Every structure is written in C-alpha cells, then in structure tokens.
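Heads up: the protein sequence lines correspond to chains A and B, in order.
With the working numbering applied, the first sequence covers 20 to 161.
With the working numbering applied, the second sequence covers 20 to 161.
Just so you know, these hints were derived from the structure itself, not from any lab.
All figures in this text were calculated on a predicted structure; none of them were measured in a lab.
No residue lacks a Cβ here, since even glycine has one placed at the ideal position from N, Cα and C.
One should not assume that every hint holds.
Cross-link-like lysine to any residue pairs, in silico, SDA-like; alpha carbons within 20 Å at most [stated by the list, open to error]:
1. B:K87 with A:T90
2. B:K87 with A:G155
3. A:K87 with A:T59
4. B:K63 with B:G155
5. A:K87 with A:L72
6. B:K82 with B:S54
7. B:K87 with A:D92
8. A:K87 with B:R74
What follows is a list of derived Cβ distance ranges for each label pair [unchecked claim]:
9. A:L62 with B:Q30: 50 to 56 Å
10. A:Q29 with B:D68: 49 to 55 Å
11. B:V40 with A:D92: 26 to 32 Å
To give an idea of the chain A side of the interface with chain B (calculated C-beta under 7 Å), a few residues [what the hints assert, rightly or not]:
12. D68
13. K69
14. L72
15. K87
16. P89
Number of protein chains: 2
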Amino acid sequence: MKRDPRNILQQYKLKNTPVRVSVLEVLLGSRVALSHNDITERLKGKDIDKVTLYRTLNSFTEKGLTHKVPTEDRNWLYAIFDEDLLRPATDHYHAHFVCNKCDKIYCLPVEEHQSMQNSSIKMGFKVLSSEVRLHGLCPVCQ
Amino acid sequence: MKRDPRNILQQYKLKNTPVRVSVLEVLLGSRVALSHNDITERLKGKDIDKVTLYRTLNSFTEKGLTHKVPTEDRNWLYAIFDEDLLRPATDHYHAHFVCNKCDKIYCLPVEEHQSMQNSSIKMGFKVLSSEVRLHGLCPVCQ
DNA sequence: ACTGATCTTGCAACTCAGTTGCATATTCTG
DNA sequence: CAGAATATGCAACTGAGTTGCAAGATCAGT
Numbered sequence: 020m021k022r023d024p025r026n027i028l029q030q031y032k033l034k035n036t037p038v039r040v041s042v043l044e045v046l047l048g049s050r051v052a053l054s055h056n057d058i059t060e061r062l063k064g065k066d067i068d069k070v071t072l073y074r075t076l077n078s079f080t081e082k083g084l085t086h087k088v089p090t091e092d093r094n095w096l097y098a099i100f101d102e103d104l105l106r107p108a109t110d111h112y113h114a115h116f117v118c119n120k121c122d123k124i125y126c127l128p129v130e131e132h133q134s135m136q137n138s139s140i141k142m143g144f145k146v147l148s149s150e151v152r153l154h155g156l157c158p159v160c161q
Numbered sequence: 020m021k022r023d024p025r026n027i028l029q030q031y032k033l034k035n036t037p038v039r040v041s042v043l044e045v046l047l048g049s050r051v052a053l054s055h056n057d058i059t060e061r062l063k064g065k066d067i068d069k070v071t072l073y074r075t076l077n078s079f080t081e082k083g084l085t086h087k088v089p090t091e092d093r094n095w096l097y098a099i100f101d102e103d104l105l106r107p108a109t110d111h112y113h114a115h116f117v118c119n120k121c122d123k124i125y126c127l128p129v130e131e132h133q134s135m136q137n138s139s140i141k142m143g144f145k146v147l148s149s150e151v152r153l154h155g156l157c158p159v160c161q
C-alpha cells in the first residue's frame, strides 16, 4: 500500500496526475538514479513532454520525494530517496556510488565519517551536511 | 621560484603563453576554486576569449595542474590542486567544502575514510576513488 | 636567431540541457 | 459540481560549453 504511486503523491502533497504516476512508477521501479533522458526512454509511447518531465522531477525534488544528484558530466539524476519512503530527502548525509563502466549511480547507506568532519572543524569550517561520492565498479560490471 | 607561472607551465608540459600565464596567476592567487565566470571577471581588461579560457582550463586539468569540481548548480569550478604543487591532481582522494553562505568551494586535505569503503565493498561495489563534499559555513562566513 | 611542425588563439556558428511564457486542460477542495 | 489552483504542452528562448577553421604563437632542432 505504501508504495502505491497515488498514495505516495498524496503523502507528499503532490497532485495526482497521469504523468506524475507514470514518472513515479519508473523511479520506484529502478534500483538506480535515472536521468531525464533515462526516464524519457522508459516512457516511450506515453510521449511525455520534456518540459513537463523537468517540471515533474523538480516538483518531486522540491517536495522531498526524490533526490537530485549532479553527475560528473553535468547531468542530473533523480532517485526516490529512500526505498522505504521513510526518511525525507532533506536528510543531511548522502552517499552515491558511480560506476565507471555503466555510469549508473547507486544510492548507498552512509554512516557518518566523523574523522573527516572533525578535521574540518579544526580548520575553522562548520560542517552542516556532507555528500560522499564513490567511484569504481558496481556489482553488475565487475 | 616554484610558484612562478612560467615554471609551473613548463613543469606540467604546457606551452608558455600569455593567456595561460594570466589564468594561472588568477588561480594561484585564489584560495578558493573559481568558475569560468569568476576567472573572466578577474581578467577584465585582458579580454580573453571565452573559448580560449575553456580550452585553457581543460588543458590545465588534462595535464593535472588543476582540479575541476562540479557544483550543485551545474557549473565547473577550477582550482590548483595542491597549494604546494607537490601532489598531482590525479590523486584519488578529494574533498571539497562548499560554503552555504558565500558559495565558495575550498579544497580540503582528506584522509581516507576506510569504514565507508569497507561497507561498500561488502555490498559488492569495487571502490576505485572517492569524492567527499562537505557543506556548511566557511571560516569567513560564520 | 630562423625555420617548420605543432600547438594555441579567436571568431562565428552551433549544440543541447534546461527554462520561460502563455493558453489550455486537469485536479481537488468546499 | 463549480471555481481557484495547479499541471500540461507547445514554441520560443537562454546560456554554458563545443566545433571548425584560419591565423598567430611557441619551441625544438638546426
């Protein structure tokens, strides 16, 4: 019940429209973060306007439903923040794994890396949040 | 002597041209990573072509002189990788601190965060490199 | 120091992701 | 079910970054 697109949209105060349901289904169905392009591909036949898709993804992100990840090559990837939809996307600690071979981005659970932050604090920086990006080979590609 | 632009260019097998010297001086003179735009600003009067600047920065990065940082808002920032020019920019472990107030990006020394990587390896990911981004308030802004 | 191969520069024209404005359609609250 | 609020689709635009090309600068070898 929890993962029903319509419920989720309502939960995040987003109007329930066919486009949003389709996009959300695609995102829910993917283990990895998807680009605007990826989503368009997976919605071939539904013929969703590119502007609408941008706006949809931005609405999702604004409301905290999805997480917008900047990539090395200046693209945005979007992913449902938490598989269980329990934690909001405003959480402070993120980690992403970028596969060098297939370029897919995986969201990983991250424990805080206290030592990193401590040394920054010593240098006069006040750390409020952090993002960790790991590069390498994903389980599929190695 | 070490920080003389001409010497540095030579050291990195880059041809010594007026444009490159100017750009390098700007980068050397900045404690923070600069965007194409920032650099253009600081070179007002020298009237450097935007394409040339892009190509210059890319050459620098290819040769390992500078470090190209993708920002939240889809810009690139460029910074001399190491203040002492001792370590090449091809090093695998990077950390950046992004100030929430002034939006400046600082390069920070980073010790490896082994626990992070270990847990990824357990999950089937092979970690080859990593990037850490910390957000918060820099010494100037707090 | 001069020559020539090689790399750099500057300009114009282009590409492409993403945005804006606006008119129309849809949602959902009362 | 009516009406305000929001979403959609289209066309035209924006702006960072790229490409092609001709002219200019660099530097190694003589």
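Do the hints match the structure? See the list:
1. Under the criterion of a C-alpha separation no larger than 20 Å, the hint pairing K87 of chain B with T90 of chain A is consistent with the structure, at around 13 Å.
2. Annotation: proposed proximity of K87 of chain B to G155 of chain A holds, straight-line Cα distance about 19 Å (limit 20 Å).
3. For the hint pairing K87 of chain A with T59 of chain A, the CA-to-CA distance comes to about 16 Å; that is within 20 Å, so the pair holds.
4. About 31 Å separates the Cα atoms of K63 of chain B and G155 of chain B, which puts this hinted pair outside 20 Å; it is violated.
5. Our distance criterion of 20 Å between C-alpha atoms is met by K87 of chain A and L72 of chain A, whose separation comes to about 14 Å.
6. This hinted pair checks out: K82 of chain B and S54 of chain B have alpha carbons roughly 18 Å apart, not beyond 20 Å.
7. A C-alpha spacing of about 11 Å is found between K87 of chain B and D92 of chain A, which places the hinted pair at or below 20 Å, so the restraint holds.
8. As the CA atoms of K87 of chain A and R74 of chain B are separated by approximately 29 Å, the hinted pair breaks the 20 Å bound.
9. At roughly 51 Å, the beta-carbon separation of L62 of chain A and Q30 of chain B lies within the given 50 to 56 Å, and the hint holds.
10. A hinted range of 49 to 55 Å holds for the C-beta pair Q29 of chain A and D68 of chain B, which are about 53 Å apart.
11. About 30 Å separates the C-beta atoms of V40 of chain B and D92 of chain A, a value consistent with the hinted range of 26 to 32 Å.
12. At about 22 Å, the closest approach between the beta carbon of D68 of chain A and any beta carbon in chain B exceeds 7 Å, and the interface hint on this residue is violated.
13. Below 7 Å, beta-carbon pairs count as interface contacts, and K69 of chain A has none with chain B, the closest being about 17 Å; its hint is therefore violated.
14. Interface hint status for L72 of chain A: violated, as the beta-carbon distance to the closest one in chain B is roughly 17 Å, over 7 Å.
15. With a least beta-carbon distance of about 9 Å to chain B, the hint placing K87 of chain A at the interface is violated under the 7 Å criterion.
16. Given hint, P89 of chain A at the interface with chain B, holds; its Cβ is 6 Å from that chain's nearest Cβ, closer than 7 Å.
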